[in-house]
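*Asks:* Numbering-wise (our numbering), the sequence shown opens with residue 1 and increments by one.
One thing to keep in mind: the hints can contain errors.
Okay, the calculated beta carbon distance ranges per label pair [said to hold, decoys possible]: (1) Arg5 / Val35: 45 to 51 Å; (2) Ala53 / Leu32: 27 to 33 Å; (3) Arg12 / Ala34: 30 to 36 Å.
By construction, these hints were calculated from the structure, which means they are not laboratory data.
Don't be surprised by glycine CBs; every beta carbon is placed ideally from N, CA and C.
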Amino acid sequence: MDVRRLKARWARLSGEAAEAGMSTAEYAVGTLAAVGFAGLLFKVVTSPKVQTALTGIIEKALQ
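All chains, please: the whole structure from these sequences, using the hints.
*Replies:* Shown next as structure tokens:
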């Protein structure tokens with residue numbers, strides 16, 4: 001095996017190893033962001049003003 005081929009193979013293998021943990025970290029950050037957004041959305045939707053507005057919209061739609 002010549003040196004160029006060996007270098008190319010090493011670069012490919014080390015690149016794959018560097019990317020292996022990256023997707024896990026990205027999923028973790030994405031999950032935390034989704035949970036934070038869901039918590040914020042829950043807090044907004046359960047507020048009295050928003051519940052009154054949503055109830056009014058639903059009642060108007062059902063008439």
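*Asks:* Take the hints in turn and mark each one as holding or not.
*Replies:* We went through each hint and held it up to the structure:
no. : hint                      : result
1   : Arg5 / Val35: 45 to 51 Å  : holds, 46 Å
2   : Ala53 / Leu32: 27 to 33 Å : holds, 30 Å
3   : Arg12 / Ala34: 30 to 36 Å : holds, 33 Å
Of the numbered hints stated above, none is contradicted by the structure.
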